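So the protein lines, in turn, are chains A and B. Quick note: the first sequence uses our numbering, first residue 1, plus one each step. Quick note: the second sequence uses our numbering, first residue 1, plus one each step.
These are calculated hints, taken from the structure and not from any lab test. These figures come from a predicted structure and were not determined experimentally. Watch out, some of these pointers could steer you wrong.
As the list claims (entries may be wrong) - Examples of chain B residues lying across from chain A (beta carbon under 8 Å, computed): (1) Lys17; (2) Gln30; (3) Asn37; (4) Lys40; (5) Ser47; (6) Ala50; (7) Gly51; (8) Arg64; (9) Arg81; (10) Ala83; (11) Gly84.
As the list claims (entries may be wrong) - Covered by chain A, according to a simulated footprint, are these stretches of chain B (three or more residues, beta-carbon under 8 Å): (12) 6-16; (13) 67-80; (14) 86-92; (15) 130-137.
Idealized CB from N, CA, C, for every residue including glycine.
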Amino acid sequence: MTAPDAEDAPASSGEGWLELAVEVDAEAVEPVTELFARHGYNEGVVIEEPFTQDGDGDNLAVDSSRPVAVRTFVAAADVGDETLEAIRSALWHLGRLRRVGELTVTPRREEDWANAWKAHYRPVRVGRRVVVRPPWQVYEPGAGEVVVELDPGMAFGTGTHPSTRLGMSGMEDELATRPGATVFDVGTGSGVLAIAALLLGAGRVDAVDIEPVAVRSTRENAARNGVADRLRVEVGSAGSDGPFPSAYDVVVANIIARVLVDLAPGVAAAVAPGGSLVLSGIIESREPAVRRAYEAEGLGFVRRDQIDDWVGLVYRRAAG
Amino acid sequence: MAKRVRAYVKLQIPAGKATPAPPIGPALGQHGVAIMNFCKEYNERTSAMAGQIVPVVITVYEDRSFTFVTKTPPAADLLRRAAGIDKGSANPRTTKVAQVSGDQIREIAELKLKDLNAVDLAGAIKQVEGTARSMGIEVAG
Numbered sequence: 001m002t003a004p005d006a007e008d009a010p011a012s013s014g015e016g017w018l019e020l021a022v023e024v025d026a027e028a029v030e031p032v033t034e035l036f037a038r039h040g041y042n043e044g045v046v047i048e049e050p051f052t053q054d055g056d057g058d059n060l061a062v063d064s065s066r067p068v069a070v071r072t073f074v075a076a077a078d079v080g081d082e083t084l085e086a087i088r089s090a091l092w093h094l095g096r097l098r099r100v101g102e103l104t105v106t107p108r109r110e111e112d113w114a115n116a117w118k119a120h121y122r123p124v125r126v127g128r129r130v131v132v133r134p135p136w137q138v139y140e141p142g143a144g145e146v147v148v149e150l151d152p153g154m155a156f157g158t159g160t161h162p163s164t165r166l167g168m169s170g171m172e173d174e175l176a177t178r179p180g181a182t183v184f185d186v187g188t189g190s191g192v193l194a195i196a197a198l199l200l201g202a203g204r205v206d207a208v209d210i211e212p213v214a215v216r217s218t219r220e221n222a223a224r225n226g227v228a229d230r231l232r233v234e235v236g237s238a239g240s241d242g243p244f245p246s247a248y249d250v251v252v253a254n255i256i257a258r259v260l261v262d263l264a265p266g267v268a269a270a271v272a273p274g275g276s277l278v279l280s281g282i283i284e285s286r287e288p289a290v291r292r293a294y295e296a297e298g299l300g301f302v303r304r305d306q307i308d309d310w311v312g313l314v315y316r317r318a319a320g
Numbered sequence: 001m002a003k004r005v006r007a008y009v010k011l012q013i014p015a016g017k018a019t020p021a022p023p024i025g026p027a028l029g030q031h032g033v034a035i036m037n038f039c040k041e042y043n044e045r046t047s048a049m050a051g052q053i054v055p056v057v058i059t060v061y062e063d064r065s066f067t068f069v070t071k072t073p074p075a076a077d078l079l080r081r082a083a084g085i086d087k088g089s090a091n092p093r094t095t096k097v098a099q100v101s102g103d104q105i106r107e108i109a110e111l112k113l114k115d116l117n118a119v120d121l122a123g124a125i126k127q128v129e130g131t132a133r134s135m136g137i138e139v140a141g
């Protein structure tokens, strides 16, 4: 799954952003934040406080003797000179009460941040056999290892999140005894589970996500791994009104607890007699709600697994 | 030994609506954080608070791993609600746009106490009053 509204971002249509930044003393942070939130995209404001710490990282403390940087971002196309003037004027007035620095306006492009973090992204073992490798890294697989090449772009599922690891290991176990299985991936995100399923021996995989950006990302990643001919992916969800109203040997859904509960009837209906369901993305405190929802659908609980405070669940439907 | 911290970033964003767009993308991307991992975690943990601004303080470590804690809504947000106004004054020194009572300030200070760097309630009240003045909100009494 991708975040809501990601598609609305002006950057996705190729337009630029402006970063508005000002350095202020601690007392002025709240009013400047309030001003920036009024104009900033998604009401968002970034506040970076200077800090001190010991060489070993111990004793982290905010350094209140230095100014705080407050920043917001606006779509360049949406903001005229008069808005910038209004912000400058408000800062000037505030500057008569508190110490407020000069407003800086810097053009920014999505590429500036969309790719910055990739430099730190390494091949990572996600399940028992599956290793996810970013396209810009080389990895020599060991015996029995399956390598998924994945460019996550802006869609969820880079393999480093506990929920992806739980979904992957649960799916690996269910596929191990079912060569050629049919698989349905609900909320596919970057397509990591769907593609891994095919590389692990599934016969055919169908996948859905409500976000078009995820569907695009999954198609690209499937082609990259040479499995596009056995993977169908469409915008939509699980259930009889979704794009794939069939029943499958293995169904995987790595979303979040609230959505898993809402989708329970449709997701459960996609599990064929004798088939398995792997659920992930469940924070521990919400596990009971998810279990109630899926047990109410007539599925038999098989096992649970946990990493940190994230839980994975496996269910099976009795053979017809 | 504690892990070395690379950045200490506070984001003020609407609950459940984190996306890789600004401000989160640029704020975290520059520090090497996998942006979508943060968005998923934040949205999961704040989905019950939809409609509110829920600030979050993110600690990014040198290995690019991160932790975060969510905070109480900002004092300015609470003051706006208490005063029944949409925004603060453009010129807070001369133009007052609303008034709140000492009791309202006290309520906000009590709610915010754990997140403010104030030693006691009296200190927190002074900070909230300061924020109110900066927004052109008068404190009665």
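With chain A as the partner, please determine if serine 47 of chain B meets the hint condition of a C-beta pair closer than 8 Å.
-> holds (6 Å)
Would you check whether lysine 40 of chain B satisfies its interface hint, that is, whether its CB is within less than 8 Å of any CB in chain A?
-> Lysine 40 of chain B check passes; min Cβ-Cβ to chain A is 6 Å, inside 8 Å.
Against chain A, is alanine 83 of chain B within 8 Å by beta-carbon distance?
-> violated (12 Å)
With a C-beta cutoff of 8 Å, work out whether three or more residues of the stretch 6-16 of chain B approach chain A closely enough for the coverage to hold.
-> holds (count 9)
Is the interface hint for alanine 50 of chain B satisfied, with its Cβ closer than 8 Å to some Cβ of chain A?
-> violated (11 Å)
With 8 Å as the cut and Cβ atoms as the points, is arginine 64 of chain B at the interface with chain A?
-> holds (5 Å)
If you look at each residue in the stretch 67-80 of chain B, do at least three have a Cβ nearer than 8 Å to any Cβ of chain A?
-> Held - the stretch 67-80 of chain B has 5 residues with a Cβ nearer than 8 Å to chain A, which meets the minimum of three.
Does the interface hint hold: is glycine 84 of chain B within less than 8 Å of chain A, judged Cβ to Cβ?
-> violated (15 Å)
Chain A over the stretch 86-92 of chain B, status - at least 3 residues with CB closer than 8 Å = Our answer is that it holds, as 5 residues pass the Cβ test (under 8 Å) against chain A, meeting three.
Quick one: see if chain A covers the stretch 130-137 of chain B, three-plus residues with Cβ-Cβ under 8 Å.
-> Result for this restraint: holds, n = 5.
Holds or violated: arginine 81 of chain B as interface residue toward chain A, Cβ cutoff 8 Å?
-> violated (12 Å)
How about asparagine 37 of chain B: closest beta carbon in chain A under 8 Å, or not?
-> holds (5 Å)
Taken one by one, the earlier hints fail for this structure at numbers 6, 7, 9, 10, 11, listed in ascending order.
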